[in-house]
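**Q** Chains as they are written, first to last, in our numbering: chain S, 14 to 349; chain A, 14 to 349; chain E, 14 to 349; chain G, 14 to 349.
What the hints contain is simulated information worked out from the structure, not anything from laboratory work.
Accuracy of the hints is not assured; some may be wrong.
Derived DEER-like restraints, expressed as beta-carbon distance ranges [said to hold, decoys possible]:
1) A/Asp177 / S/Ile100: 54 to 62 Å
2) E/Arg239 / G/Arg109: 54 to 62 Å
3) S/Pro276 / A/Glu302: 19 to 27 Å
List of simulated lysine-lysine pairs, DSS-like, C-alpha gap at most 25 Å [stated by the list, open to error]:
4) G/Lys258 / E/Lys258
5) G/Lys258 / E/Lys309
6) E/Lys291 / G/Lys309
7) A/Lys291 / S/Lys258
8) S/Lys258 / A/Lys309
9) S/Lys291 / A/Lys309
10) E/Lys258 / G/Lys309
Since this is a predicted model, take the numbers as computed values, not measurements.
Glycine residues also receive a C-beta, built at the ideal position from the N, C-alpha and C atoms.
Protein chains: 4
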Amino acid sequence: MNSLGRIFRISIFGESHGPGVGVVIDGCPAGIPLVVDDFLPDIARRKPGARGTTPRQEADLPIIQSGVFQQHTTGSPITIWFENQNIRSADYEKQRDVPRPGHADFVARVKYGGYEDYRGGGHFSGRLTLPLVAAGVIAKKILQSGDSPVDIQARILEIGGETDLDKGLEKAIAAKDSIGGIVECTATGLPIGLGEPFFDSVESLLAHAVFSIPAVKGIEFGAGFRAARMFGSEHNDALIDTLGKTATNHAGGVVGGITNGNPLIFRVVVKPTSSTPKTQHTLNLRTGEIEPFQVKGRHDLCIALRVPVVLEAVTAIVLADLMLIAQQRPTRYPGV
Amino acid sequence: MNSLGRIFRISIFGESHGPGVGVVIDGCPAGIPLVVDDFLPDIARRKPGARGTTPRQEADLPIIQSGVFQQHTTGSPITIWFENQNIRSADYEKQRDVPRPGHADFVARVKYGGYEDYRGGGHFSGRLTLPLVAAGVIAKKILQSGDSPVDIQARILEIGGETDLDKGLEKAIAAKDSIGGIVECTATGLPIGLGEPFFDSVESLLAHAVFSIPAVKGIEFGAGFRAARMFGSEHNDALIDTLGKTATNHAGGVVGGITNGNPLIFRVVVKPTSSTPKTQHTLNLRTGEIEPFQVKGRHDLCIALRVPVVLEAVTAIVLADLMLIAQQRPTRYPGV
Amino acid sequence: MNSLGRIFRISIFGESHGPGVGVVIDGCPAGIPLVVDDFLPDIARRKPGARGTTPRQEADLPIIQSGVFQQHTTGSPITIWFENQNIRSADYEKQRDVPRPGHADFVARVKYGGYEDYRGGGHFSGRLTLPLVAAGVIAKKILQSGDSPVDIQARILEIGGETDLDKGLEKAIAAKDSIGGIVECTATGLPIGLGEPFFDSVESLLAHAVFSIPAVKGIEFGAGFRAARMFGSEHNDALIDTLGKTATNHAGGVVGGITNGNPLIFRVVVKPTSSTPKTQHTLNLRTGEIEPFQVKGRHDLCIALRVPVVLEAVTAIVLADLMLIAQQRPTRYPGV
Amino acid sequence: MNSLGRIFRISIFGESHGPGVGVVIDGCPAGIPLVVDDFLPDIARRKPGARGTTPRQEADLPIIQSGVFQQHTTGSPITIWFENQNIRSADYEKQRDVPRPGHADFVARVKYGGYEDYRGGGHFSGRLTLPLVAAGVIAKKILQSGDSPVDIQARILEIGGETDLDKGLEKAIAAKDSIGGIVECTATGLPIGLGEPFFDSVESLLAHAVFSIPAVKGIEFGAGFRAARMFGSEHNDALIDTLGKTATNHAGGVVGGITNGNPLIFRVVVKPTSSTPKTQHTLNLRTGEIEPFQVKGRHDLCIALRVPVVLEAVTAIVLADLMLIAQQRPTRYPGV
């Protein structure tokens, strides 16, 4: 489904080379100040243009189609719409019979019986992360409006195996190839008790949302995969005060699937951009022959560079939903 | 929520030291042969008793309370109930004010205002994986009933950093500490096209389900975190036939969030058992003092050893749901 | 699906002549006092035994299988189980090929490919209203725990066309036939603002729940079908104070799908019991012949008599869910 | 929530006097031919302009924003957008403190803390039925694409108590008041077996959807409220052939909540338009005084006249969803 969330619920739509992309947000509380300018900083962070990102330029101006009146949310569904403007579809139509390696071209063709919009990935395009970022802006507002403001920050840990990002990019440029990376996200200020057992643990919901970001292939919380080589006495975080603070944070702020009041920390791996400048091979579905393949269109050398703001957005969307759900439950510590 | 799935939908309930644990399965097709004996092999695989697992012994006999008639599913909700028998609650009641490190004791107490069933982890207990395994048995039957039977196999890759599992256990025994591990799951025979963009990718749904297994702290598909250090030309899997077969399988059988007809492969990290034999420290919530803590009760030295059958179960549950959803869509490749 | 509700979510299971019937309740807040005795008064109201109801007698003793600890709800799923005891399945097995008129026998057989549990209506049986009543008891507790306790009362308006119920029953007994009736439900003490546009209006959610009660064939709110013959100036309820009180209540307490602070009032029609003592005709599916049919088993002459407590239950379930959802929104009137 | 459906799922958004109204449709199968012209006939049927309807004129031209490519559905979300053009908001802004009788003005103000878009009913406006009609057009296409095409027809039975509609309108004009009516909807060609026990009966789902249509205050299936005064032997529909045909159709084509192969028939009552030309009284929230009230703006004398196409739309939406769900189950009659 193209919807996510239980109370704060988003639905995205659109294609890379259709009229545009957008999002409907249901369940946003009324009374939150909201104007077009609020979206611009995060949209700018997602924009290409920096070194290593695609030269495709879009105005990416959000149009508020519903749910906002007199510069405040109304409680009714909020729709944000982005027109596609800078489209070169011909690039894609030529290669219809030659599925691009690493892309969804082939599986989409099979799944939808050949009716999929194949131009630029269609509905599978990374362009769909634009409305995600817009929804994230609203979710962040919800998270910052409570007693204890929640702050979410994502940053790149490494690209191409290098923590010095310039060095990573040099590697890619030298190899004339695309590269992947690792992005870490941290949320602070969260109350104890978010997450709904058994299946809606914080980890379950975040992982669900995070894997919707194209190119993400793994996620780990706290010590993550390192935990496989730790002893229990080493991994366990000792409680040191009645507010839940622990001496270490190997759990990444989540125990039993529930936030424990320490910073929520997780990392995701972003695979190298599928559209590499390097010549590859793929099957021509018409001829049945394997043939050399050269990417057309404009692409990112390292898509991980654009992931942080998207990762923050989906994290905010999940946490805002959990915050609204949690309002129904006693969250105060009842005393010892 | 305690439910998972859209068409094939399971709801679990129960506590470690209450009357029992169980599962309701809604949306299972009618006409599937089902008797109590069908559950026993997977239940036996989950049972403790092997070296490195808890000595707590339960009969774990499934009682079918609804949805089965004349040894076939009826199309109505199937309820499987397991009585708890071998309960030593006193072990837990004593330590009410001393939250066990690594466990949900503290967060559950805050979240539920002190009303949680704290005995043995209550609803957070690993015992809840028993009804999951039962639901998995039914899901596997659905997956095996189609034209192309789907086979799911999970296995331990390493414990305590050792691929030789005996060696890993020796390490734990020598250190008098618990250890973690990595478990890999593979599903073969899947059709092309499972997964529902944008948010219900195969990766999203599997990760969602997998993080409900207690102690899982990370998941990666195909090359996973290694992808961060690969070039695009290296990571991309080249299509080599019209059935979707690729030369390599770095994607782990999922592209664009959709199965591509190659084996689905993913790995999870299982943290070391929180209940380690080693003395730890924690906060006494009554006295406000940090004090030494020694685990009571019966526990697994390496909980990862019992994870494979549970991992297979949640994988089967997710895939069965996606298979039933996919029946509504054209899945035949329309010809080139 | 066999589930209802978004936050306070119930799932029912079981069959008339299987091991029993039950309900799992997810999302119930922690800390609500709950013991077996709390269920008994409403269960007694649903019980047959009165004049005009079936002589089948069941102990109907609720067994709490999960979610309650030290006589309070824990926040985890609550499971209530009722064993079937007084079963005479042979009555039904004989008539397998002769679908009972007015019952689901034929459609169930087609829908489930012949695998349905056909004994006594199986999962379609009115016996499934027993766990509904149990869930209703818990919902009523939630509704009574707020600042403004909500009271729900259902009563029979007429049976067999008579407001004097004895007279209605005499009619049925004289005609040796079953009869229907009309039941009215009123909820007072509701806050203004329950109901979630556009599709989850109070009317939508209540109607959804109410039509799950077997034999209900219609529902109307406030003036209901009489509204078709009223003028607008007559039907409109004039606001008379800032708390929302209106001079009349033709809307039945719901405007724009949202509670307006006046009593919620609706009526449902209950068709005559399908199992009438009178000889009927139906098709023998084996012979293809139409043949006379005489009901076997024990049945209610007027099932409407047992509906009020069930109607209260589903009303309470829906309203409790809406109350929990509404806690996320500003519900105070902001001043004029 | 502003979404409806499980597989074929629609989400509506927009306000009467904002930029426009629209709908996102998720889960529509790929490959359905779809162009703008397909929407025009049903949109025309909903349009005002006929005698007794509002003189507000809108172009109501559907703009397809996503999900359609080369004149076919792609399997991705379909978004249909309608711009609002002929807006006279000043009419409404003046009366902010004077809630219109029969409208949601007051409850919306309380529910959303004064942040609601109050112009012309905002998100509560009947204008939201326009995207519903658009979604209905697509749902009808799904219903007509199967082996057995399903046909849905709604018609007005009476307005103002008159089956001669002109006579009903004369009555309203003479009284200078608005009037209500009764609309009947029939669906033929449905397979046996639609509807999902226990809570998703055909009646539950249809009633849920139907009560989202503004002004609907009651629904009844088949004999409906007349069933209260029938004997069981009279109300029961005798099965007369193995395809499920019954001699009578008092059940309205639904038994046990499941379609039985006979025509689905139900009726709804539509209250008189709240905006009557007659002078009414209401509370001035600012002054606290009750004062005379005269409707501003352009309105329908009898909103029931515009309901049939909307009723067909929501019926088609519900049935299309059930058809897609039913594809997962054996629906063939297994032989006797």
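**Q** Of the hints stated earlier, which fail here?
**A** 2, 4, 6 and 9
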